[in-house]
Amino acid sequence: MLLGRVTGTVVASQKEPLMDGLKLLVVRQLGVDSNETGGYVVAVDAVGAGIGEVVMYASGSSARQTQVTQNRPCDAVVMAIVDTWDVDGETVYEK
Amino acid sequence: MLLGRVTGTVVASQKEPLMDGLKLLVVRQLGVDSNETGGYVVAVDAVGAGIGEVVMYASGSSARQTQVTQNRPCDAVVMAIVDTWDVDGETVYEK
Amino acid sequence: MLLGRVTGTVVASQKEPLMDGLKLLVVRQLGVDSNETGGYVVAVDAVGAGIGEVVMYASGSSARQTQVTQNRPCDAVVMAIVDTWDVDGETVYEK
Amino acid sequence: MLLGRVTGTVVASQKEPLMDGLKLLVVRQLGVDSNETGGYVVAVDAVGAGIGEVVMYASGSSARQTQVTQNRPCDAVVMAIVDTWDVDGETVYEK
Amino acid sequence: MLLGRVTGTVVASQKEPLMDGLKLLVVRQLGVDSNETGGYVVAVDAVGAGIGEVVMYASGSSARQTQVTQNRPCDAVVMAIVDTWDVDGETVYEK
Numbered sequence: 001m002l003l004g005r006v007t008g009t010v011v012a013s014q015k016e017p018l019m020d021g022l023k024l025l026v027v028r029q030l031g032v033d034s035n036e037t038g039g040y041v042v043a044v045d046a047v048g049a050g051i052g053e054v055v056m057y058a059s060g061s062s063a064r065q066t067q068v069t070q071n072r073p074c075d076a077v078v079m080a081i082v083d084t085w086d087v088d089g090e091t092v093y094e095k
Numbered sequence: 001m002l003l004g005r006v007t008g009t010v011v012a013s014q015k016e017p018l019m020d021g022l023k024l025l026v027v028r029q030l031g032v033d034s035n036e037t038g039g040y041v042v043a044v045d046a047v048g049a050g051i052g053e054v055v056m057y058a059s060g061s062s063a064r065q066t067q068v069t070q071n072r073p074c075d076a077v078v079m080a081i082v083d084t085w086d087v088d089g090e091t092v093y094e095k
Numbered sequence: 001m002l003l004g005r006v007t008g009t010v011v012a013s014q015k016e017p018l019m020d021g022l023k024l025l026v027v028r029q030l031g032v033d034s035n036e037t038g039g040y041v042v043a044v045d046a047v048g049a050g051i052g053e054v055v056m057y058a059s060g061s062s063a064r065q066t067q068v069t070q071n072r073p074c075d076a077v078v079m080a081i082v083d084t085w086d087v088d089g090e091t092v093y094e095k
Numbered sequence: 001m002l003l004g005r006v007t008g009t010v011v012a013s014q015k016e017p018l019m020d021g022l023k024l025l026v027v028r029q030l031g032v033d034s035n036e037t038g039g040y041v042v043a044v045d046a047v048g049a050g051i052g053e054v055v056m057y058a059s060g061s062s063a064r065q066t067q068v069t070q071n072r073p074c075d076a077v078v079m080a081i082v083d084t085w086d087v088d089g090e091t092v093y094e095k
Numbered sequence: 001m002l003l004g005r006v007t008g009t010v011v012a013s014q015k016e017p018l019m020d021g022l023k024l025l026v027v028r029q030l031g032v033d034s035n036e037t038g039g040y041v042v043a044v045d046a047v048g049a050g051i052g053e054v055v056m057y058a059s060g061s062s063a064r065q066t067q068v069t070q071n072r073p074c075d076a077v078v079m080a081i082v083d084t085w086d087v088d089g090e091t092v093y094e095k
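If you're matching them up, the sequences are chains A, B, C, D and E in order.
Numbering-wise (my numbering), the first sequence opens with residue 1 and increments by one.
Numbering-wise (my numbering), the second sequence opens with residue 1 and increments by one.
Numbering-wise (my numbering), the third sequence opens with residue 1 and increments by one.
Numbering-wise (my numbering), the fourth sequence opens with residue 1 and increments by one.
Numbering-wise (my numbering), the fifth sequence opens with residue 1 and increments by one.
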């Protein structure tokens, strides 16, 4: 999994029917020291994450293993909202 | 998923029979701020996307979860046409 | 899927039995403007592609969805020979 | 698989229920000569790895093939603690 | 698949039980012209490859399609020892 910050949303009315009802989040990827890496992903929200929150997301077929994403053409899912995150004995992020 | 702009098509008459009847789009990848990243993918069209449209596509095994791509040797599918896309409180793209 | 040019072959007599009888192509990756990107992949040939031809290949589990690659330890397959390829209203490649 | 050093942990109380009870490790990726590459991954711990240990992790759907990760939205798992690691006839790392 | 040179081994006594009995090879990735790219992967040996040999390996779920890797948390497998490898009409490598 990777860490990211929810930074926006995508709205798409014309889509594959299996994507109906899913919330699409724009997630900026964070490096291990919480800096933004420049990368991003559009991920389905499985945990009710809000703009600005630091989250963890899974990619690939693993992104289809949540209740809301099963059997859907979804390759990225936000599956946790991060409380704290420690690296080398220091708290990099605290909610 | 990633965002991209449909920029062309690929025609291939000699192909694996399971790919028959699928429309192949050349999609240029877009960064989070809608700039082109230089990357691209050839994706099967599952939503009737046209040249110039901003779309969302899924990759890997998730690309086989739409009705048109099931069980086909397809690793990328355009599964939504983007209406709007917001980042950091601003509308980056509006159809 | 990505586009590439068939540029060579790999011969391997000592291999996992499930790979017997498959033709292994060295495919140089092409950018969207048909320039070589420096990347390559060794892909199983599912369409009878010849040296020099421009092809489309699928990666990952999708590479196991052709008749010749099913259930084999194959993560890349050439599944189409490209006739034409258009980008931004221009024909980038014509067979 | 890739090699990495366990460098921290992630705590997330609000998450997909299928992730309950899993320990989340921040793993810095190591190059073949044991230098840090700058990359990282958050991986589920399947072997009781501690901070500072050098481990091996699997990614993608393979990360769901351990007892603790089966059918969970997990795309990276620490599945071995490395004892030694040799390259070009020299021991790069010894526990 | 990609090409690489077997350059070392990894020993790990504390691991996921499903990995017991598998030989773990450090494989340096080779570019299309046989130069080392700097990348590497730890792959399970499915063909009895020795140090220094040029091999082909598969990644992702395809790495679980050999007899020795089935249903194991393995995302890379050496599944062929390369005899020869031609690019642009020249033999880049011969065993």
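For the record, the hints were derived by calculation from the structure and aren't laboratory data.
Be a bit skeptical, because a hint or two may be false.
What the hints assert, rightly or not - Here are the computed distance ranges between Cβ atoms for each label pair:
hint : chain 1 : residue 1 : chain 2 : residue 2 : range
1    : A       : Asp20     : D       : Asp88     : 50 to 56 Å
2    : D       : Asp20     : C       : Gly39     : 38 to 44 Å
3    : E       : Gly50     : A       : Gly48     : 24 to 30 Å
4    : B       : Gln14     : D       : Glu94     : 30 to 36 Å
5    : D       : Asn71     : A       : Thr9      : 27 to 33 Å
6    : C       : Thr84     : E       : Val11     : 27 to 33 Å
7    : B       : Ser13     : E       : Asn35     : 24 to 30 Å
8    : E       : Gly31     : D       : Pro17     : 41 to 47 Å
Built from N, CA and C at the ideal position, the CB exists for glycine as well.
Structure-based check of each hint:
Evaluation of the 50 to 56 Å hint for Asp20(A) and Asp88(D) yields a pass: the beta carbon distance comes to about 54 Å. As the Cβ distance of Asp20(D) to Gly39(C) is approximately 40 Å, the hint placing it in 38 to 44 Å holds. Between Gly50(E) and Gly48(A) the C-beta distance comes to about 53 Å, which lies outside the given range of 24 to 30 Å. Distance hint for Gln14(B) and Glu94(D): a CB-CB separation of about 54 Å, inconsistent with the stated range 30 to 36 Å.
The hinted window of 27 to 33 Å between Asn71(D) and Thr9(A) holds, with their beta carbons roughly 29 Å apart. At about 53 Å, the CB distance of Thr84(C) to Val11(E) disagrees with the hint of 27 to 33 Å. The hinted range of 24 to 30 Å is not satisfied by Ser13(B) and Asn35(E), whose Cβ atoms lie roughly 37 Å apart. A hinted range of 41 to 47 Å for the beta carbons of Gly31(E) and Pro17(D) is consistent with their spacing of about 45 Å.
The structure fails hints 3, 4, 6, 7 (numbered hints given earlier, in ascending order).
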